[in-house]
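Colleague: Given only the sequences and the hints, what does the whole structure look like? Please build it.
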Amino acid sequence: MAQSAAIKPFGLDAEGLKGAKIFIAVYTPKTGMGKEQIEISGDGNIKLIRSDNDRAPDQIVQGKVEAEKAAALFALFESEGFMGLERTYTTESTIKNTWQMKLTLPSGEKPVFAEAGSTPPQFDRLMGAIRLLAGIGAPMSLGRQYFFHL
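Residue numbers (my numbering): 1 to 150.
Worth flagging that the hints you see were computed from the coordinates, not collected in a lab. Note that the structure is predicted; figures quoted are calculated from it, not measured. All clues given are correct.
Here are the computed distance ranges between Cβ atoms for each label pair: (1) Lys96 x Ala6: 37 to 43 Å; (2) Pro120 x Gly11: 22 to 28 Å; (3) Ala6 x Ala56: 37 to 43 Å; (4) Leu142 x Ser51: 16 to 22 Å; (5) Pro121 x Thr31: 27 to 33 Å; (6) Gln100 x Val61: 17 to 23 Å.
Using N, Cα and C, we set each Cβ at its ideal position, and we do this for glycine too.
Modeller: Printed below as a string of structure tokens:
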């Protein structure tokens with residue numbers, strides 16, 4: 001049986017991916033709102049973080065997927081041209097949620113902020129892929145079991 005070649009997104013091998021991370025969060029304009037965040041590390045560790053309000057303690061759920069699945073997500077970030085996206089996408093609306101997506105590599109990090117209704121197609125595809133991989137490693141993140149906005 002033939003083995004497939006290891007995925008090397010951004011030229012990183014398995015060791016280099018250990019220090020890489022993908023982060024998403026949603027921010028709402030509602031005063032006192034809690035947090036909703038997903039972190040996926042290059043080694044496959046997944047962390048779901050939420051709080052009920054801005055004064056409540058964080059509730060953390062951890063999960064894990066195979067490192068190859070995490071590497072595939074990083075490869076998608078590369079193929080979607082995440083590093084070439086603008087830093088900020090805005091709309092004319094005054095009341096909106098804002099999403100933050102951040103890619104951290106050993107060479108540095110790239111954040112992107114996008115208000116609801118302004119996200120480019122690549123951002124939406126990456127958001128879906130992050131949610132799916134998080135759901136594989138921590139199934140309660142799927143649907144609205146753990147997050148309301150993510």
